[in-house]
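The primary structure of each chain is shown beneath.
Number of protein chains: 2
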Amino acid sequence: MERTKFILDEKDMPTSWYNVLPDLPTPLPPVLHPGTGKPIGPEDMAPLFPMDIIMQEFSPQRWIEIPEEVQDVYKIWRPTVLYRARRLEKALDTPAKIFYKYEGSSPAGSHKPNTAVAQAYYNKKAGTKRLATETGAGQWGSSLAFACMLFGLELKVYMVKVSYTQKPYRRMMMETWGAKCIPSPSNDTKAGRDILAKDPQSPGSLGIAISEAIEDAVTSKDTKYAIGSVVNHVLLHQTVIGLEAKKQMEMAGFYPDIIVGCVGGGSNFGGMFLPFIKDKIDKKRPDLRIICAEPASCPSITKGVCAYDFGDTAGMTPLMKMYTLGHTFMPPPVHAGGLRYHGMAPIVSHLYNLNLIEAKAVPQVATFEAGVRFARTEGFISAPETNHAIRVAIDEALKCKESGEAKTILIAHSGHGHFDMAAYEQYLSGQLSDYEYPEARVKEALASLPKVG
Amino acid sequence: MERTKFILDEKDMPTSWYNVLPDLPTPLPPVLHPGTGKPIGPEDMAPLFPMDIIMQEFSPQRWIEIPEEVQDVYKIWRPTVLYRARRLEKALDTPAKIFYKYEGSSPAGSHKPNTAVAQAYYNKKAGTKRLATETGAGQWGSSLAFACMLFGLELKVYMVKVSYTQKPYRRMMMETWGAKCIPSPSNDTKAGRDILAKDPQSPGSLGIAISEAIEDAVTSKDTKYAIGSVVNHVLLHQTVIGLEAKKQMEMAGFYPDIIVGCVGGGSNFGGMFLPFIKDKIDKKRPDLRIICAEPASCPSITKGVCAYDFGDTAGMTPLMKMYTLGHTFMPPPVHAGGLRYHGMAPIVSHLYNLNLIEAKAVPQVATFEAGVRFARTEGFISAPETNHAIRVAIDEALKCKESGEAKTILIAHSGHGHFDMAAYEQYLSGQLSDYEYPEARVKEALASLPKVG
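Protein sequence lines correspond, in order, to chains A and B. Going by this note's numbering, the letters in the first sequence line up with residues 823 to 1275, in that order. Going by this note's numbering, the letters in the second sequence line up with residues 823 to 1275, in that order.
Because the hints were derived from the structure by calculation, they are not lab data. There is no bait here: all hints are sound.
Since the list can't tell identical chains apart, any single copy or any two copies may satisfy a pair.
In the DMTMM-like style, the derived pairs of lysine to aspartate or glutamate whose C-alpha atoms are separated by at most 20 Å in a straight line are:
#1 Lys1043 with Asp1010
#2 Lys1069 with Asp831
#3 Lys1102 with Asp845
#4 Lys947 with Glu879
#5 Lys1105 with Asp1079
#6 Lys897 with Glu824
#7 Lys989 with Glu1247
#8 Lys1229 with Asp1079
#9 Lys1069 with Glu832
#10 Lys897 with Asp831
#11 Lys827 with Glu891
#12 Lys897 with Glu911
#13 Lys833 with Asp894
#14 Lys1068 with Glu887
#15 Lys1143 with Glu879
#16 Lys912 with Glu890
#17 Lys951 with Asp874
#18 Lys827 with Glu890
#19 Lys1102 with Asp1079
#20 Lys1223 with Asp915
#21 Lys912 with Asp894
#22 Lys1002 with Glu1247
#23 Lys1002 with Glu1191
All chains should be built: construct the whole structure from the sequences, respecting the hints.
See below:
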């Protein structure tokens, strides 16, 4: 069998992150203060983030050096492997060449540590003693726990109560790494107490958990807030994925015709495609297709509107111009917890508006069908989120079979599914179903978008 | 930070397994037929295994070529990484240099696929259509499911009922890879029905599951049996671990003073140390210490006797000369399910008798203390089995701190602990306890050893 694995040497790892902001054909719309409706500046974000991170959020520099301390930690699991999916290609009987960049080998099992480590480092450097964050299914919380452990920071994670109860394994990972994790809504914050007063049985939501974490950060000593997706600096840190993949595709002797990834907040896929998109902006690769795969039941890009909206449900964050289903929208309980988010990264939203990227919504059952096919050929059991990307990649490969085109498809593989086996079991036993697109709830949520300008 | 990761190129992967049999100072005692008490020959094993595997079991050849098809599959995750545990060293403030060879990156999460893939390949080649096997906690069953999927073999796994119920995730992995997994004792075999007739609520045991799998293999069409540890050919296939590690230690510029690994049946650690032990046999490295870490509650080597015994509880296998606590011994329910075995690989037992290796029994709580320390420094959350090796390595590193010696310690890291988070939670919440060594039960089990010669 020909080569299936493309491995970068540590010395060829990226030493700078790629910042797309200066390369955008038109600038990103400003982030607005929800009270004044005016663009916010670095000082507005100072209660939440250390200044190094705030400067990255707005940086005009194309390349931002990765601190040596962060590179040292990356080296625990990076560079990650680029695989050629020859067994999947053969099973599909397609002339397409399918590659996947596998982020499941990090100690936390996903791409999330790429930014968690950077955020923990900059906070440590700035004298932060403690971080507060939210998490849904726990991918982000566990990754930040891993990072805080390495840099000696305390961490408190507000975990959506329903996940805290139903998916205890990632909580246990957080605790193993020394973080404190409590179910949200909690009695530890005013935001939590207010919710519990109204509804003592509240199952929680990501929006509520964000409110609690932000309140914790702004009211506690030496404490800052950390976020796992959506905002610019998170996508920036994730570009190690795409920078490595670009070199590895060169090693393999191919340039992708299609890049596909799943999008929740957009950080994993942004991290993959941003280092490639300049080739498209510069018309070097005008035909490069970049496809965002989102859940049909939470389709921010394909069914949402591009508008200023809050990042959280309670409306505590600044306003970002993004594709959104409305910040009060509660997504159906699909297994891909990481994709259950009402909005989309402003950078991803902006590039979609510029017709530089595409989006496709896929129903849940079809994603697991794809994930099982992948597991039964390539061997790796993928996260439910990742299965969205695999679904779209398989569909494109099957189109190649029809047309006879030998396209090169690159998948952003965001992580393993070891903590999601129950979802596979549901699928295999025929008990998994699709959720109808909740049109009425989206309409209602969109009606409550904040008025701006 | 200096280099922490040593990565072999694919082209430097071993192309042959190392067979220690011809290099043993005295030959291994023969395996005996339980009826006749005479040494068994290849033909006696033919109902269970394909001839290629049987020949490996007795082979006088030092090097046995790894088929290209097996190498191709190994390349999905091999060569595995050798890490220098610099963060752990620093936390321990020890002059010792600690390395670990990490087998957790395989799709099944442990070292088990190293032999599962080889066994599936040889069976496929011999025309076998279907395999039957047993599994305890599911590491072996899931690895063989992965391998059978790749070679297009059907697989039925008899999983110890108590694990089937309490640890469903690895069963779901098996099903995701297309295997059938049922709780043992089952109604599908006479052995199972006999047990259920006596005790309908039987929680099962590895011994019962082996009996069921063997019965299935010998009574079903085109079906063979596969085993995940103990016997010679399994240790042979696992030598890819040690062969890679030896080259990687050379890359790192060190030769180990101490090699440590956990032992259940002995295949993971045998696979690691066998390629090194010839240096000790040949007196090139007379001071090399090889330490087997076993559970204090199931201490085959340190408290058992070296005698002919059955490999299974029901007494269906040939008799092997090995360290054993008696084939009817039921080990306490420690979380390290892979170490709950009454016996020990004949090769490991023989080398222990030759004073070429040592053994140390460690209590459960201390192993988790070590595992958490490892997770909080190196990042990886390890399997409970692996934590036994980490415990012994830490103890040796702390001795170096006392003595000031900068010894080089190499750990055989057998896999990740993603499916064992509940055990970590028990430890962290103070609910984990040690089991007293069940002296009376061992005495009883040893009294029922088969009479030979």
